[in-house]
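Here the protein sequences come in this chain order: A and B. Once you know that position 33 of the first sequence is 33 in the working numbering, the rest is easy, because the numbers rise by one and skip nothing. Once you know that position 95 of the second sequence is 95 in the working numbering, the rest is easy, because the numbers rise by one and skip nothing.
Some hints could be false.
As the list claims (entries may be wrong) - Taking lysine to any residue and the SDA-like style, the derived pairs with C-alpha atoms no more than 25 Å apart in a straight line are:
| hint | chain 1 | residue 1 | chain 2 | residue 2 |
| --- | --- | --- | --- | --- |
| 1 | A | Lys101 | B | Phe8 |
| 2 | A | Lys32 | B | His182 |
| 3 | B | Lys36 | A | Leu208 |
| 4 | B | Lys221 | B | Ser233 |
| 5 | A | Lys81 | B | Asp65 |
| 6 | B | Lys70 | A | Leu92 |
| 7 | A | Lys9 | A | Glu20 |
| 8 | A | Lys157 | A | Ser178 |
| 9 | A | Lys42 | A | Pro154 |
| 10 | A | Lys36 | B | Leu208 |
| 11 | B | Lys70 | B | Thr97 |
| 12 | B | Lys42 | A | His46 |
| 13 | B | Lys9 | A | Ile99 |
| 14 | A | Lys101 | B | Ile11 |
Stated by the list, open to error - Which bits of chain A does chain B cover? Going by a derived footprint, with three or more residues having C-beta under 8 Å, they are:
| hint | stretch |
| --- | --- |
| 15 | 41-50 |
| 16 | 70-76 |
| 17 | 80-93 |
| 18 | 96-108 |
Quick caveat, the hints were computed from the structure, so don't treat them as lab data. In this text, a Cβ means the ideal position worked out from N, Cα and C, and glycines have one as well.
Number of protein chains: 2
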Amino acid sequence: MELLSISFKEIMSMEITVAEVMKVVENGFRLKGEGKNEMPAKIGIHPRHDCFIHAMPCWMGGDVDAAGIKWVSGYPPNQAKGLPYITGVLCLNDSETGIPKAIMDANWITAWRTGAASGVCARYMAQPGSETVAVIGLGVQGRTNLMALNEALPELKHVRVFDAFDEQVKKYVTEMSSLLPHLSFENPKNIQETVRGADVVVTCTPILAEPNRFIRREWLKENALALSVDYDSAFD
Amino acid sequence: MELLSISFKEIMSMEITVAEVMKVVENGFRLKGEGKNEMPAKIGIHPRHDCFIHAMPCWMGGDVDAAGIKWVSGYPPNQAKGLPYITGVLCLNDSETGIPKAIMDANWITAWRTGAASGVCARYMAQPGSETVAVIGLGVQGRTNLMALNEALPELKHVRVFDAFDEQVKKYVTEMSSLLPHLSFENPKNIQETVRGADVVVTCTPILAEPNRFIRREWLKENALALSVDYDSAFD
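Please model the entire structure based on the sequences and the hints provided.
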């Protein structure tokens, strides 16, 4: 049996766009809505405090008929060691025989699939004409989420960003303003000002055993769309 | 990041004995008993009728400190296609960083860990002086289970075997009597006679959505140890 191995570099070299990922993710949501998939709630292990490794098996039916699993870890202490917070592998199996066909780096798909999910949500749930987004937490998800929101919101003009680390803010604004030169970037001095008046607020902060839940409901504009990429870590 | 890939052939070439596997499995049971592990109930997908792919993550603590997952499929229709019933991969991660370190074929470990678990059970739960075992279902598990029972039961002399396919019986008896020449093999004409008077009965039949449960309690000797490798598929 041949097991194809696909690295992060090889996936990157395919230059898959966020629009393509959003198309696939939207089709996935549709199949799930039609009951044409099997995706048990994920389970995981926690070998260290606040660290997880999650098992996320899924079968997509319909015209997709794809079976596989993502096995992905999130280790906050890695960042201080110069290692990525997220690492993992994705195994794709032949739906007809169950045989593993490929092992792929799961870092790329975690970054982009997650961002694309926010984009698909925003396409259907954000107020029409949304112009301003607030991004809290400026790591990988802060980047892919903004790329996807930019795809989903044709009127988007202003981006307000916040991170606990100033260095992260500088790097983020430099990178993202070069990728999305039509947007203006602002870094308010606190979170309350960052979310004030934003049409869409997306939080991409670490998922802790005891979340801070630092954003209050009354800070948000009426009918703002709140996208909690970090589950309930950020919203009170 | 380097991901080591270890094939079935490479694992076979290590010539790991069933006694070694039983030692590790027994230590694993002990750590679990001491609460020094994390092993959520497995989840899975079923892309075809009576077929499964199971996600089995686990962290073993104590002196082991090993984290990983087995992602393993069972496809009954594969046998008619000349493909293995069981295929899969095992991913081992660094407990300290979560980073995947190795992808290994999971076929070998599935065969031997499962057999070894029966061996450890028999060592502690079979009647002392057990001389006769009955093996129902003569595939891979029928083989590794017998190897492990032979390790666990120092007085073992007689093996009664049964399988729905005569061809399987012939192959099994030829192979196993050559590996275990001190044992006598017998192939009774039905299951009731196979289990009659046996000190240990082990069933390794396919796991079906609607199990047959063909063995009745009253057929078993008093205090016989029943090892249900196929969950509740075989015992009424």
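Results of checking the hints against the structure:
1. Between A:Lys101 and B:Phe8 the CA atoms are separated by roughly 15 Å; this keeps the pair inside 25 Å, and the hint holds.
2. Proximity of A:Lys32 to B:His182 is assessed by CA-CA distance (about 57 Å); at most 25 Å being required, the pair is judged violated.
3. Taken as a hint, the B:Lys36 and A:Leu208 pair is honoured in the structure, with Cα atoms around 22 Å apart against an allowance of 25 Å.
4. Simply put, B:Lys221 and B:Ser233 have alpha-carbon atoms about 20 Å apart, close enough for the 25 Å limit, and the pair holds.
5. Taken as a hint, the A:Lys81 and B:Asp65 pair is honoured in the structure, with Cα atoms around 20 Å apart against an allowance of 25 Å.
6. For the proposed pair B:Lys70 and A:Leu92, the alpha carbon gap of about 14 Å is at most 25 Å, so the pair holds.
7. Straight-line distance between C-alpha atoms of A:Lys9 and A:Glu20 comes to about 18 Å, which keeps the hinted pair within the 25 Å bound.
8. Distance restraint check for A:Lys157 and A:Ser178: the Cα-Cα separation of roughly 14 Å lies within the 25 Å cut-off, and the hinted pair is therefore satisfied.
9. Restraint check: the Cα-Cα separation between A:Lys42 and A:Pro154 comes to about 34 Å, which exceeds 25 Å; the hinted pair is violated.
10. Of the supplied pair hints, the one linking A:Lys36 and B:Leu208 holds, its CA atoms being roughly 22 Å apart against a limit of 25 Å.
11. Between B:Lys70 and B:Thr97 the CA atoms are separated by roughly 19 Å; this keeps the pair inside 25 Å, and the hint holds.
12. Proposed proximity of B:Lys42 and A:His46 is supported: the alpha carbons are some 15 Å apart, at most 25 Å.
13. Restraint check: the Cα-Cα separation between B:Lys9 and A:Ile99 comes to about 17 Å, which is no more than 25 Å; the hinted pair holds.
14. Under the criterion of a C-alpha separation no larger than 25 Å, the hint pairing A:Lys101 with B:Ile11 is consistent with the structure, at around 20 Å.
15. Look at the stretch 41-50 of chain A against chain B: 8 of its residues bring a Cβ nearer than 8 Å to a Cβ of that chain, three or more, so the hint holds.
16. With a cut-off of 8 Å between beta carbons, the stretch 70-76 of chain A has 4 residues touching chain B; three or more are needed, and the interface restraint holds.
17. Counting residues of the stretch 80-93 of chain A whose CB falls under 8 Å from any CB of chain B gives 7; the rule of at least 3 is met.
18. Coverage of a stretch by a chain is defined here by at least three residues with a beta carbon nearer than 8 Å to that chain's beta carbons; for the stretch 96-108 of chain A and chain B the count is 6, and the condition holds.
In this structure, the hints that do not hold are numbers 2, 9, in rising order.
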